[in-house]
Amino acid sequence: MSGRERILGRVRRALADVPADDPSYEQAVARDYLRAHGARSAAETVHLLAANLADYRALVHRCSEVELPSLIAGLLTDRGATSVLVPPGLDEGWLAATDVTRVADRADSTPHELDGVDSVVTACAVAIAETGTIVLDGAPDQGRRRITLVPDHHICVVRVPDQVVSGVPQALERLDPARPLTWISGPSATSDIELDRVEGVHGPRTLEVVLVG
Amino acid sequence: MSGTFVGMPAFPKAAHEAVGNATLRGNLRHATHTIRAKRANAVAEVSDWAQLREAGKRIKDHTLRHLDRYLVQLEESVTAAGGVVHWAADADEANRIVTRLVEETGESEVVKVKSMATQEIGLNEALLAAGIHAYETDLAELIVQLGKDRPSHILVPAIHRNRGEIRDIFRTEMGEWGRPAPDGLTDSPAELAEAARLHLREKFLRAEVGISGANFMVAETGTLVVVESEGNGRMCLTLPRTLISVVGIEKIVPTWRDLEVFLQTLPRSSTAERMNPYTSTWTGTTDEDGPRAFHLVLLDNGRTDTLADEVGRQALRCIRCSACLNVCPVYERAGGHAYGSVYPGPIGAILSPQLRGTSSEIDASLPYASSLCGACYEVCPVAIDIPEVLVHLRERVAQGGPATRAGNKVVLRPAKGHAAERAAMRAARWAFSHPGALRTGQRLASRTRRLHPRTLPGPGRAWSATRDLPAVPAEPFRDWWQRTHGTDGTDGTDGTDGKKGAAR
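The listed protein sequences correspond, in order, to chains X and R. Counting in the working numbering, the first sequence runs from 1 upward without gaps. Counting in the working numbering, the second sequence runs from 1 upward without gaps.
Next up, chain R with everything else stripped away, as it sits in the complex (with noise of 0.2 Å):
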């Protein structure tokens, strides 16, 4: 993935730092109670939600689990349809193809609709040192790219700030990158969006080259989708000569019918609308209606290695709403930064160390980035279970084990700062198979209470900060049961019972 994020620190730090910022926090919470409601509106509207959820699951997963046939048909469709198909097996490919195809057509510019695909390989990054200007047309992403911030939530990259932080970008920054805010601009989101028109309009009528990404791709048509809002998605996809886009593989749908499916669920799910203002579907080139040339650059870039992982590969199916960063406890009050990455909140937290493996130390702390409280498995439009893989891959960033990364195998070694945790599970293992030991160590246990300290020594010393440790009880169970219910202490039953007893 992009080097954005290199050096990031792991997840606990760099969320005890955002907690403590109260503005972040304000506006996190004002967005992400202000969509929840909606959202829930919007699914209930809906009566057969959970059955287009399950459709919505298993064509994702019908479609992962044969991913080579569909690839090479989309391939075929696309071609047949007029456009020409790229394939990258990592973000430097994807940079270099795509820089090169720029470079053919000799201009120096483009114009970007929001693409978390091209944010993930670093493409603005690399465009630039080629000496090609990207601009950012998306609303929120052009308030990350004025403010040379980093994007914090995936629909809504600029989610961490607020309308008076907008407007102050506006004025300060525009002017540098073309025309200057208009004078007196206030912070009602109407004029900022009035100043993003303008600011943008310029840029999109001389462009020559549209670079995109796409929510769906259709293997048997060769079409490909485009959800949006704006309306700067439908320019840079029909206004300029050249059109790239920069694809996942794992967006594909094996049949245009399957659309149904997802453009009733996706819009409920991330903007809470019915259906979002715009849609734009394109097959290939169409004579003497939009782009001339149209490239497609298939990315692998850590995909295959996450479908190589029987329990983890079902992230892929993931269409990028975001509900789940909006009903998150600990998105809500760490906000989008924190996660290292472009992929934030829950699904990032399952999608980040599959794609870029777990070998940094942000990467092996976000699987442990969660409460597990579940709010985002109800929520997901296609039922990832996102609590499920958080365990599996805290299991093995704890234990280490078999993964794949760049399409080779690996057995991945434990991770240092587990330790403990491994010593007192070997520990655990050992007391459970030795009863006499267990029943010894317990009474000691009883016997010694009033001497126990109140927080752990040693390692465990930041587990017990914020934690009261269990009080241990005058007796341990076993003897209780012993005491109150046995007789020869041999059975743990009375012998009164008699079904029990014809059922041993």
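Bound-form chain X, shown alone (with noise of 0.2 Å):
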């Protein structure tokens, strides 16, 4: 008898108690909980967004649709960055201010070379203001998974509002499961060590989150 076999057997056996006629699931879970905790303008979820995205540790930067090339060009300089990784679909005019060296994000790339770019240069799908979570769902202005992760610096530009939205059900709704997602809420952390959070692990320990609108 094959593992599966013996599994699922032994499950029936154990649920032999639970009646042909249980609650469906529709009947079974109650869904009385809230979709988004209070009442809150556009605005005023934006600056939630940013709000907690800074209670965490992430730098928040807000400027208009003009303003975002030379926004994104002056972190650059900031940080001394001399290369920058660039998603396929990553609208040309963000970077129309800067002279860094682009990086390609391609499939063939290894690790290692991903390890020797400074920054990284994305979109993001959505927003999430109750917890200062920014979602990426590799878009093409958003780029392979890993172009996000081995870089030390992420910039991520968020279009508002129309990427907020107030809570993580709400999140749920415009995601598409089938894609691989990266939920990122402030840089890599760690609260290994007595339980007391310390920034700044494996992941980015840079990450500047830019409002655009």
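Source of the hints: derived by calculation from the structure; they are not laboratory data. Just so it is clear, CB atoms sit at the ideal spot from N, CA and C, and this is done for glycine as well. Among the hints, erroneous ones may be present.
[Stated by the list, open to error] Facing chain R, from chain X, some residues (calculated, C-beta under 8 Å):
| # | residue |
| --- | --- |
| 1 | Arg4 |
| 2 | Val11 |
| 3 | Tyr25 |
| 4 | Tyr33 |
| 5 | Ala107 |
| 6 | Thr131 |
| 7 | Leu149 |
| 8 | Leu181 |
| 9 | Ile184 |
| 10 | Ser191 |
| 11 | Glu194 |
[Claimed, not checked] Chain R is nowhere near these chain X residues, computed Cβ spacing over 12 Å in every case:
| # | residue |
| --- | --- |
| 12 | Cys63 |
| 13 | Glu65 |
| 14 | Pro69 |
| 15 | Asp91 |
| 16 | Asp99 |
| 17 | Gly213 |
Assembly of the complex is requested from the two constituent chains, each provided in isolation within its own frame, with the hints serving as guidance.
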């Protein structure tokens, strides 16, 4: 007998007490919790996102569409970056004001090559105000998962207020589970030394979020 | 479960040794008290916590009650998304499957995301026996692995170590495994984290095989979810060509939407954060992004035996947040090692004896490793009534009875150590069903009360060593009632209460 049949057989014998008319999934699960906590205007939601991102040590910047290229150029200069990873579908205008060396996100680049790049600039799929979270879904303006992981400096652009939701339930509605998702809430951190939070382990130690709009 | 802890003494003995260690007690007290207040704040931010907790409980209960259906659905979804599903009835089978999968890649080292399931089955030891080196990449797991130590907490396996001890381990051991610790390493947490970053980076960048667990598996979509902080999980899940995930069968949720509950309750309960720094979700394989091959090993290893117990099965709702450890007065003082399992604390006290059975000394003692204060139930984000299961398991240990082991129904014999308890209970049952004997006995006890010893003799000595025996009153209650309230001594009322009389 295969492991599969053995386990499924054990499960069925273990559940002999469950009646045939046991409540369905829809009946069994109460959904009386909130979709979002509190009523906020769009502007207040963006403000909460900025506050919660900053609370977990992300560096938050706000600008208009027109100011974005010079802001990104300034962030890369301040960082002293000489190279930047660029997802294939990133708006070309975003990097128009910088002469930092662009490195394309290619399928055949090795992790060691990525490790030699200073920064990465991406868009995002959605941002969650209540938790201070940005979500990447691998779309062309965000690139492969590893490009936002190996470099030590990540600049993520969020279009506000369109890409911002209040709560976690609203974010899941907007996301496609078939795509590989990365939820990011502040820079890499750990609570492993005396259960106290320290920023900066394996992921980018500096996360800069630019709220555009 | 793993053979790591074979030969563990019973909980009382191990705990007795642990509470004598002042450093350990200090470390645990500091860490658990730090997180307690933070968790309370994180939970208080969410006005619908009670509703989220109830929804989480119901989602898990429903899934468990139809687990066969959801397992089959998950297998179909994962397979359709390009993954390969394997089934492992026990630890040996899981270890054989993973070892074979690694051997087929031709690699002799793997990087690992922190995973309770792979600790439970002793995967690292099994891989090493086949010549494969497994590198733990979670900071706390790294501390445990470098220190040749055992984990003592679900979330923070090195919680028993303070920063000074961690620095010493890094200084002496890192060079043995790869890049040594930087010169002049101090005990500042930021420097220790930096040392771990440097030490592990070379391993991540060359890794060809990653091994993980998962926090959740979504049946309808075949999506797996890993919740983490450091980015080591992302490294292991995206850089290697082959990813192998070993996940307990109870980690399923039916739908994508169900994650909206657990992604709110898990971070706030475990690290007391609104959201943990990184959460990764993946569905099978994705072209040109991440691993080319994905294997999911579904693990039973005692879970179906636990499922067969109608009271005990609620332990399978556990999402491994570790909130119950952090509030437990027994865990705070005894530490995680005394529980003799990778699952310590209150949840371990109900999970280990169910996954492994109660035949060993340590497992038979775990249901007693509690004061039944109920703090664990209060904080549990899926409302596992841990005290209820503890009492249920105590009954099973003391009285024996039906249980399921490795899928077979068995009848457990009563444990030897509880003979005196059972004899006392039998005597009490007889006395309470014979009023005359009870009255005579009580009067005799009252009259001889000046002669009673202060401690019990024989098997009762251990019990009375730390407790005062209750003082026997000068007059039994029933005699006092009859003297002060009784008329004829037959009904216990004075006959003047018309309502009572009418109600009878």
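Going down the list of hints, with the structure as the test:
{"no.": "1", "hint": "Arg4", "in the structure": "holds (4 Å)"}
{"no.": "2", "hint": "Val11", "in the structure": "holds (5 Å)"}
{"no.": "3", "hint": "Tyr25", "in the structure": "holds (6 Å)"}
{"no.": "4", "hint": "Tyr33", "in the structure": "holds (4 Å)"}
{"no.": "5", "hint": "Ala107", "in the structure": "holds (4 Å)"}
{"no.": "6", "hint": "Thr131", "in the structure": "holds (4 Å)"}
{"no.": "7", "hint": "Leu149", "in the structure": "holds (5 Å)"}
{"no.": "8", "hint": "Leu181", "in the structure": "holds (4 Å)"}
{"no.": "9", "hint": "Ile184", "in the structure": "holds (6 Å)"}
{"no.": "10", "hint": "Ser191", "in the structure": "holds (5 Å)"}
{"no.": "11", "hint": "Glu194", "in the structure": "holds (5 Å)"}
{"no.": "12", "hint": "Cys63", "in the structure": "holds (25 Å)"}
{"no.": "13", "hint": "Glu65", "in the structure": "holds (28 Å)"}
{"no.": "14", "hint": "Pro69", "in the structure": "holds (28 Å)"}
{"no.": "15", "hint": "Asp91", "in the structure": "holds (21 Å)"}
{"no.": "16", "hint": "Asp99", "in the structure": "holds (28 Å)"}
{"no.": "17", "hint": "Gly213", "in the structure": "holds (23 Å)"}
Violation of the numbered hints given earlier is absent; every hint is satisfied by the structure.
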